[in-house]
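Using the sequences and the accompanying hints, generate a full structural model.
Going line by line, the protein sequences match chains A and B. Heads up, the first sequence is in our numbering, so the first residue is 1 and it goes up one at a time. Heads up, the second sequence is in our numbering, so the first residue is 1 and it goes up one at a time.
Bear in mind the hints are in silico, worked out from the structure with no lab data behind them. Just so you know, these numbers come straight off a predicted model, no measurement behind them. Please note that a few of the clues may not be correct.
Pairwise CB distance ranges, derived in the manner of DEER restraints [as the list claims (entries may be wrong)]:
hint: 1; chain 1: B; residue 1: 134; chain 2: A; residue 2: 170; range: 36 to 42 Å
hint: 2; chain 1: B; residue 1: 135; chain 2: A; residue 2: 115; range: 25 to 31 Å
hint: 3; chain 1: B; residue 1: 59; chain 2: A; residue 2: 48; range: 19 to 25 Å
hint: 4; chain 1: A; residue 1: 48; chain 2: B; residue 2: 46; range: 56 to 62 Å
hint: 5; chain 1: B; residue 1: 59; chain 2: A; residue 2: 209; range: 54 to 60 Å
hint: 6; chain 1: B; residue 1: 89; chain 2: A; residue 2: 70; range: 50 to 56 Å
hint: 7; chain 1: A; residue 1: 146; chain 2: B; residue 2: 130; range: 40 to 46 Å
hint: 8; chain 1: B; residue 1: 31; chain 2: A; residue 2: 35; range: 27 to 33 Å
hint: 9; chain 1: B; residue 1: 59; chain 2: A; residue 2: 69; range: 36 to 42 Å
hint: 10; chain 1: B; residue 1: 139; chain 2: A; residue 2: 146; range: 50 to 56 Å
hint: 11; chain 1: B; residue 1: 104; chain 2: A; residue 2: 35; range: 21 to 27 Å
hint: 12; chain 1: A; residue 1: 101; chain 2: B; residue 2: 134; range: 54 to 60 Å
hint: 13; chain 1: B; residue 1: 135; chain 2: A; residue 2: 137; range: 23 to 29 Å
hint: 14; chain 1: B; residue 1: 134; chain 2: A; residue 2: 216; range: 41 to 47 Å
In this text, a Cβ means the ideal position worked out from N, Cα and C, and glycines have one as well.
Given next are the chains, with one letter for each unit.
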Amino acid sequence: MRKTLFFLIALMALPALVYGGFHLGMADAVKKKVKKLDEKVAEKVAEKEEESEEKAIKQLYSTLESSMEGEDITAFGSCLSSDYSHQQLTKDDWITMMEYLFEDIGNIQVSITNLKITVTGNSATASFHLKITTAEEGVVQDEDNSPNPLGVLNYLIKENGSWKFYGDQTPPTYYVYGGNDPLTTYPQLDHPADYGYTLLGSASPSETKTFSGSYNYYAVMVYFKNVVKIDALQKSDASYWSSVSLSLNITNEGELLGAPDGVYATVGTGEFFPYTNGCVLLTSDGSSSIKVIVVP
Amino acid sequence: MRKKTAALAVLVLLIFPALVNAQSIKGRLGLGLNYPGVSARYGLSNKFALELKGQFGSGVTVFGPRAYYYFSTDSKVCLFAGAELDYVSFKGDVSSGGGIAVEPFLGGDYFISKHLALGLDIGPAFIAISDKDTDESVSGMEFVANINITWYLW
Numbered sequence: 001m002r003k004t005l006f007f008l009i010a011l012m013a014l015p016a017l018v019y020g021g022f023h024l025g026m027a028d029a030v031k032k033k034v035k036k037l038d039e040k041v042a043e044k045v046a047e048k049e050e051e052s053e054e055k056a057i058k059q060l061y062s063t064l065e066s067s068m069e070g071e072d073i074t075a076f077g078s079c080l081s082s083d084y085s086h087q088q089l090t091k092d093d094w095i096t097m098m099e100y101l102f103e104d105i106g107n108i109q110v111s112i113t114n115l116k117i118t119v120t121g122n123s124a125t126a127s128f129h130l131k132i133t134t135a136e137e138g139v140v141q142d143e144d145n146s147p148n149p150l151g152v153l154n155y156l157i158k159e160n161g162s163w164k165f166y167g168d169q170t171p172p173t174y175y176v177y178g179g180n181d182p183l184t185t186y187p188q189l190d191h192p193a194d195y196g197y198t199l200l201g202s203a204s205p206s207e208t209k210t211f212s213g214s215y216n217y218y219a220v221m222v223y224f225k226n227v228v229k230i231d232a233l234q235k236s237d238a239s240y241w242s243s244v245s246l247s248l249n250i251t252n253e254g255e256l257l258g259a260p261d262g263v264y265a266t267v268g269t270g271e272f273f274p275y276t277n278g279c280v281l282l283t284s285d286g287s288s289s290i291k292v293i294v295v296p
Numbered sequence: 001m002r003k004k005t006a007a008l009a010v011l012v013l014l015i016f017p018a019l020v021n022a023q024s025i026k027g028r029l030g031l032g033l034n035y036p037g038v039s040a041r042y043g044l045s046n047k048f049a050l051e052l053k054g055q056f057g058s059g060v061t062v063f064g065p066r067a068y069y070y071f072s073t074d075s076k077v078c079l080f081a082g083a084e085l086d087y088v089s090f091k092g093d094v095s096s097g098g099g100i101a102v103e104p105f106l107g108g109d110y111f112i113s114k115h116l117a118l119g120l121d122i123g124p125a126f127i128a129i130s131d132k133d134t135d136e137s138v139s140g141m142e143f144v145a146n147i148n149i150t151w152y153l154w
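Take a look at the structure:
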């Protein structure tokens, strides 16, 4: 009898050893379950908070739509953080532009669809499809917007419990892309990354910098209110570009050709409206890098 | 004087175990310390005993009855089988609430003296707990070992 009981006890102990050992006392076993439940509850709470934040952000985009359609500049302004900054655009720039639009353009219809939101603490990014039509011009915009230098309404911040558009908050910057097909039309010149171009890097407009990568074309881009003063563009063989394939919003274009001489071309207008992005497109001519020599 | 008496009592407990057995548990009340809690056990007959047990951990309270069936009580080692049903309350880092725990167990008491027994039992415990603020719950089996020391008053 006693041997049988000892055998049963041993039998009971065996799976416990395999399973991961005994808890000393029921309270200790319960503690393990509580820890597991803590993890589940924390996950659930986080999910609920995220859902709640997403709902609040969707409401912000809805307010943006209605403020534009209703030409309500106060409501529009309430959607933007007072610290809004995106490629040197400010909240005041937006207000000025929207006042101009509301005065001159009638029956604006705005549709923001396919809204995808990523919340990280008190900041968020969003991508969406934006369609804007007006009575005078019909469809003026019908494209996907994602967080990038052009994504003026894709960066958000939670301020005093409310979500606001915040901009990407980048300091003054110019960008260099490399690609194998020429950029020819407006949307391509705005979105080189969407047309097979690779971002080789970025720099402050006061910084001369070499960007490496073997491509058929290089594009030097500035967005919105950024400007960069380019004295010369140098190839990997130390020679200088002597011609530009295509340019947009550039003054004194000839001054960036040839060796540096302290006289520069300005890429970008430094204005928000009308169209302001600046671009210089160059054929690489076999160069494996481009050195952008700027005048600070 | 008291210290000497206490020391003598401990000595008696240590020296006499080989000479004692449980004799009978019928009608006897034992107060016990277990890890980590307290208990009170009463012998309903020579074979059956009931116990109320409470355990207290960090943020966890477990309280409930245990039933014992003794296979024999005629030696200093008395093997038993039994079952335990507990009410559980807890407060974790983000969760809080209650639940139940059920455990069949096998084990034994080792009577050091007629009045003092060391006990050990093991068994698989089914534990189910739920958070009171959400609908989240957790359940499953854990293996539990209980150790205790019981002092029989008479």
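Structure-based check of all given hints:
1. B:134 with A:170: 36 to 42 Å: Once the Cβ atoms are compared, 40 Å apart, the range 36 to 42 Å for residue 170 (chain A) and residue 134 (chain B) holds.
2. B:135 with A:115: 25 to 31 Å: holds (29 Å)
3. B:59 with A:48: 19 to 25 Å: holds (23 Å)
4. A:48 with B:46: 56 to 62 Å: For residue 48 (chain A) and residue 46 (chain B) the Cβ distance comes to about 57 Å; the hint holds.
5. B:59 with A:209: 54 to 60 Å: holds (57 Å)
6. B:89 with A:70: 50 to 56 Å: holds (55 Å)
7. A:146 with B:130: 40 to 46 Å: holds (42 Å)
8. B:31 with A:35: 27 to 33 Å: holds (32 Å)
9. B:59 with A:69: 36 to 42 Å: Because 54 Å falls outside the window, the suggested range is violated.
10. B:139 with A:146: 50 to 56 Å: violated (44 Å)
11. B:104 with A:35: 21 to 27 Å: holds (24 Å)
12. A:101 with B:134: 54 to 60 Å: 47 Å Cβ-Cβ, so the 54 to 60 Å window is violated.
13. B:135 with A:137: 23 to 29 Å: Since the Cβ atoms of residue 135 (chain B) and residue 137 (chain A) sit about 52 Å apart, the hinted range of 23 to 29 Å is violated.
14. B:134 with A:216: 41 to 47 Å: 58 Å Cβ-Cβ, so the 41 to 47 Å window is violated.
Going down the numbered hints, you'll see the structure goes against 9, 10, 12, 13 and 14, while the others check out.
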